[in-house]
Structures are given as structure tokens and as C-alpha cells.
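Student: Sequence:
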Amino acid sequence: MQLYKSQQLRVHNSLSGTKEVFQPINDGHIGMYVCGPTVYSNVHLGNCRTFISFDMIFRYFKHLGYKVRYVRNITDAGHLENDADDGEDKIAKKAKLEQIEPMEVVQRYTVDFHNTLQKFNLLPPSIEPTATGHIIEQIEIIKEIIDKGIAYEVNGSVYFDVVKFNEKHEYGKLSGRKLEDMIANTRELTAQDEKRNPQDFALWKKAEPQHIMRWPSPWGDGFPGWHLECTAMSTKYLGDTFDIHGGGMDLKFPHHECEIAQAEASTGKSPVKYWLHANMLTLNGKKMSKSTGNNIYPSEIMSGENDILSKPYSAAVVRFFMMQAHYTSILDLSDEALQASEKGYNRLMEAIDNLAKLETASNSDFDIKAWQQKCYDAMNDDFNTPILISHLFDAVKHINLIKEGKETITETDKNQLQNMMAVFVHDILGIENQAASEDKSQTFSGVMELLIGLRNEARANKDFATSDKIRDELTALGIQLKDGKDGTTFSIN
RNA sequence: GGCAUCGUGGCCGAGUGGCUAGGCACAGCUCUGCAAAAGCUUGUACAGCGGUUCGAAUCCGCUCGAUGCCUCCA
115 MQLYKSQQLR
125 VHNSLSGTKE
135 VFQPINDGHI
145 GMYVCGPTVY
155 SNVHLGNCRT
165 FISFDMIFRY
175 FKHLGYKVRY
185 VRNITDAGHL
195 ENDADDGEDK
205 IAKKAKLEQI
215 EPMEVVQRYT
225 VDFHNTLQKF
235 NLLPPSIEPT
245 ATGHIIEQIE
255 IIKEIIDKGI
265 AYEVNGSVYF
275 DVVKFNEKHE
285 YGKLSGRKLE
295 DMIANTRELT
305 AQDEKRNPQD
315 FALWKKAEPQ
325 HIMRWPSPWG
335 DGFPGWHLEC
345 TAMSTKYLGD
355 TFDIHGGGMD
365 LKFPHHECEI
375 AQAEASTGKS
385 PVKYWLHANM
395 LTLNGKKMSK
405 STGNNIYPSE
415 IMSGENDILS
425 KPYSAAVVRF
435 FMMQAHYTSI
445 LDLSDEALQA
455 SEKGYNRLME
465 AIDNLAKLET
475 ASNSDFDIKA
485 WQQKCYDAMN
495 DDFNTPILIS
505 HLFDAVKHIN
515 LIKEGKETIT
525 ETDKNQLQNM
535 MAVFVHDILG
545 IENQAASEDK
555 SQTFSGVMEL
565 LIGLRNEARA
575 NKDFATSDKI
585 RDELTALGIQ
595 LKDGKDGTTF
605 SIN
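In this text, residue positions in the first sequence follow our numbering: the first is 115, and each later residue adds one.
To be clear, the hints were calculated from the coordinates, so they are not data collected in a lab.
Think of the CB as a built atom: it goes at the ideal place given N, C-alpha and C, for glycine as much as any other residue.
All clues given are correct.
FRET-style restraints, in silico, Cβ to Cβ:
no.	residue 1	residue 2	range
1	Gly560	Asp364	47 to 55 Å
2	Leu591	Ser403	35 to 43 Å
3	Gly399	Thr603	37 to 45 Å
Here are the computed lysine-lysine pairs in the PhoX-like style, where the Cα-Cα straight-line distance is at most 20 Å:
no.	residue 1	residue 2
4	Lys176	Lys387
5	Lys520	Lys471
6	Lys257	Lys278
7	Lys282	Lys292
8	Lys471	Lys517
9	Lys176	Lys119
10	Lys387	Lys181
11	Lys471	Lys596
12	Lys208	Lys404
13	Lys400	Lys366
14	Lys257	Lys383
15	Lys119	Lys181
16	Lys599	Lys471
17	Lys350	Lys383
18	Lys401	Lys366
19	Lys233	Lys425
20	Lys309	Lys262
21	Lys511	Lys599
22	Lys599	Lys576
23	Lys457	Lys425
24	Lys133	Lys119
With the hints as constraints, model all of the structure from the sequences given.
Tutor: This is the structure we're talking about:
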């Protein structure tokens with residue numbers, strides 16, 4: 115059961131920029147934190163990619179037999195629009211726009227987030243904490259940082275003193291930046307009078323009278339700064355130092371850099387052993403973004419109601435499409451690419467269906483053990499799902515050959531292959547066979563059997579006009595007939 | 001402007017100093033009443049220019065191009 119003892123996993127650590135052998139801090143246990151969404155609008159597909167990537171990683175850890183505590187937060191306190199004094203809380207802004215309570219906005223989009231992830235077959239995290247539920251913890255961290263002399267209060271707001279921090283720590287080590295360079299390249303900023311240095315960031319912001327989301331603090335009514343919640347929630351549930359911190363590439367700087375700074379300033383310890391970053395999903399070659407409108411929502415893909423794609427695609431196909439690229443690579447969404455993935459997905463699913471029906475023999479032409487290890491090797495190499503999938507298609511080929519009687523498989527190997535296909539496809543990649551559950555009721559199957567029977571009768575009588583009519587009209591309905599050695603089967607597209 | 005990543009055959013997308021991932025599309029063949037499905041075969045691609053090397057698409061340098069971050073963003 116404890117597979118991790120025999121499989122050596124390597125992960126790409128953004129902190130070192132290299133692949134490292136994965137060794138959890140506590141043997142057999144993993145603490146993993148992933149930055150969740152800000153719930154002020156619906157999640158778009160780009161957001162989903164990150165969560166799907168880490169879901170796959172979570173699934174693989176579990177499969178390897180680790181006990182994983184997976185924490186993924188909900189940012190419901192909003193972030194400042196910018197660091198300038200006229201900054202406005204995003205959620206409060208949206209609430210005003212929609213004439214509802216801020217927490218109503220939060221509730222609405224949290225529900226949407228959960229519904230969407232469920233469609234993509236994501237496992238729920240172990241803990242899903244909210245920022246507003248951890249205001250006290252955040253205030254405590256601010257106090258500690260002030261005590262250490264690395265933060266200062268100005269007019270009801272508290273800022274992190276990056277220059278001071280950099281004296282004894284290394285600000286910028288995650289993103290490969292140097293503070294001196296950053297200071298030298300500072301853009302012209304306005305209304306920065308409160309901060310000692312433009313690189314300083316807010317730990318606590320004073321709430322203006324019109325600001326709705328506000329909490330009392332030692333520095334007056336206000337709201338927590340942009341990066342603090344993740345530090346508070348990750349260390350609360352995973353400890354001062356934990357194994358994995360993940361998130362989207364775009365959070366590397368400044369968000370994750372600031373998290374490191376806050377944690378090191380308050381505890382003196384580096385908070386995270388392995389930093390993992392999932393890369394962007396692009397649309398038309400550009401990053402998807404809520405603010406620029408260059409995005410597509412999962413519901414639009416599944417319904418087909420959009421101007422980008424020629425047809426609807428199921429959540430499973432979209433997930434498969436994403437799994438065909440490495441999580442650290444930029445992936446561009448296009449109709450052509452999705453179509454190709456859909457066909458591949460269908461072929462894979464059909465092979466899995468056919469696998470169960472294969473006849474067995476006294477020997478195998480397919481080395482299951484070697485194949486299985488190749489699949490694990492792919493996953494062990496920084497979760498290389500594209501390579502894993504290429505091996506899965508290797509199995510597909512063998513399944514089809516066995517089905518045609520050109521190769522054989524033993525009972526034991528067949529069971530093993532069935533088991534491992536399920537493990538890799540369903541348990542680890544998280545890909546479900548969505549077609550299997552659709553339109554396969556007893557009644558429907560009966561009708562199909564009848565039609566296939568009639569067609570074969572016509573063929574036997576060389577009445578090809580009738581047989582082709584049945585076939586063509588079924589094709590028009592999206593039902594494909596497949597004449598095999600042992601009779602005719604069908605699939606629904 | 002600074003930092004970072006990337007540029008692979010028609011499309012998508014892996015990858016390693018020498019042994020041509022894979023998916024989709026295309027072509028030929030087998031099968032088929034004809035198709036489809038399935039199988040087999042073929043495609044000598046690694047932005048450009050230099051260099052290191054017995055050998056580089058993979059290492060180094062330069063050029064060009066793209067993207068991300070530097071302001072909220074997965």
C-alpha cells in the first residue's frame with residue numbers, strides 16, 4: 115500500500131529551479147497548500163487549470179500511499195485594487211455593483227466554484243479555510259512582525275518593511291529578483307506617501323468610512339493585506355514549515371514572495387520545502403484574465419455557447435486535454451486542439467470498455483509489468499502526465515490487437531491491466547468516462563440491438579440500400595456503427 | 001526598461017548529448033458488399049547564426065520572435 119517507498123518521485127521546485135527528489139518532512143505525511151480563488155466572479159477555465167493540475171498531484175500523492183493534508187483557501191476578504199490610498203476592496207466593489215451584501219457575493223461565487231470543480235471531477239481538499247474566518251490569526255502575525263521590527267504602522271495601516279527584512283533575509287529568492295534591482299527600476303508611483311519604500315506591502319489597511327468589509331484591530335478598523343491570509347492559514351493548518359505550496363505561475367511574484375517574507379519575518383523559518391507552480395492556460399496566445407475579458411467560462415465550453423469553439427466539449431474532454439500537456443507548460447486553448455483531444459479521449463474510453471470484454475489465453479504478448487513501471491516512471495518525473503498518456507495509448511493499441519485476435523493476454527495480465535488502467539485514468543488523472551453513463555439505458559440498448567439486427571438481416575440479403583440507410587441515418591444522429599469480427603457495436607458521439 | 005520562461009514536423013504536445021514520445025489530421029495497405037472502426041506502413045521537425053564536441057534539436061554565446069511577472073489576477 116505504501117507505494118512511495120518503492121517509487122522515487124522528483125518534483126520541480128521553483129525555489130531552486132531544478133527537479134529535486136521529493137522527501138516529505140514527516141515520513142509518510144504531506145502538507146500541501148494551494149492558493150485558492152478570489153470569489154468575486156465566476157471561475158474561468160484558466161483558474162480551473164491550476165486547480166485541476168494540483169488535483170492530479172493530490173491524487174498521485176494519495177495513490178502513492180501518503181497521508182495528505184491538502185489545504186486550499188477561499189479568498190473572501192477581497193484584495194485591494196491597488197496599493198494606492200484610493201484602493202478599493204474587490205468584493206466590496208462587486209457588492210456595490212450588484213447591490214447586495216459582500217458575503218452574498220462570496221456565497222454565490224463560492225458555490226459556483228464548487229459546482230464547477232465538481233464537474234471537472236476534482237476531489238475536495240482536506241480543509242478549505244476562508245480569509246474572513248482567520249482575521250484574528252492574521253492580526254496575530256502582524257503583531258509578531260511588528261515586534262520583530264520588520265513592519266511599521268502609519269495612520270491606521272501596517273506595512274511590511276521589505277528593506278529591513280532584506281538585511282537578514284533574501285527578498286526575491288523565489289522569483290529570482292534582487293531588491294536592489296527592483297528599487298532601481300521602480301516605476302513612478304503616486305500616492306505612496308505612507309510607505310517608506312515602494313516595495314513595501316500592506317499587512318493591514320485602514321478602512322475608509324465607506325468601506326464595507328472591515329474588522330477591528332489594534333490599529334483601528336480595517337482589513338487584512340493582500341498576502342497575509344495565505345501565511346496565516348497555511349501555517350495554522352500545516353505548521354511553520356510544510357512540504358508543498360502550490361499556485362498559479364502568476365502568483366509567484368509578488369504574492370508568494372511576500373508569503374515567504376511574512377513567514378520568515380514572523381517565525382524565522384522558511385515556510386515551504388517545495389514550491390510548485392502551475393503554468394497559464396492561454397486563449398488566442400494570451401493569458402486568460404478576468405480583468406481583460408480574454409477568457410472563457412467552463413459553462414460556456416460545456417454548453418457550446420461561445421464564439422471561440424465550434425461545438426460543446428465535456429468536462430472530461432477538457433480535463434483530458436489539460437492532462438496532455440505538462441502542468442508547468444503554457445497551454446493554449448483552441449478548437450482544433452480540443453477536437454483532437456476529444457477523439458483521443460473517445461478512443462481511450464472505448465479501449466477501456468473493450469478491455470473488460472477481452473478473451474484470455476495462456477500467454478501474453480504484452481509485458482504488463484514493464485508497461486506499468488513506465489507509467490509510474492512518467493508520473494515520478496514531476497508528474498509527467500503527457501508521457502503517462504502516451505503509455506496509455508500504447509496499452510490501447512494492444513487492447514485493440516487482442517480484440518482482433520492478433521495478440522493474446524492471460525487472465526492474470528488482463529486483470530492487472532484493467533486494474534492499472536483504472537488507477538491511471540480514473541484515480542490519478544481523474545478522467546471519467548462521461549459517455550458511459552449517457553444514453554445507455556436498457557430501453558435504448560434494446561432499440562439499438564433491434565436496428566443492428568435489421569441491418570444485418572438486410573446485409574445478409576444483399577439489400578444494401580436498406581442496410582446503408584440504417585447506418586447513414588444513425589450516423590446523422592451521432593451514433594456510429596462498428597462492424598467487428600464478433601458482430602456490430604455502436605458508440606455515441 | 002528589469003526579471004523569468006519559451007520558440008519542436010499540417011495542428012496540439014513530450015523529450016534526451018548519439019538509440020526518431022504520444023494524440024489529431026493526411027497518404028498507402030489490410031479488413032469490409034461499400035464505408036466506418038481497428039491494425040500496419042510512411043512522414044527525417046526541432047526559430048536563425050556561430051561555437052564546444054567524434055556527435056547537439058538537447059550544452060554555450062549572439063540575433064530574432066512570443067509569453068508571463070514587475071499593478072488585482074490560477
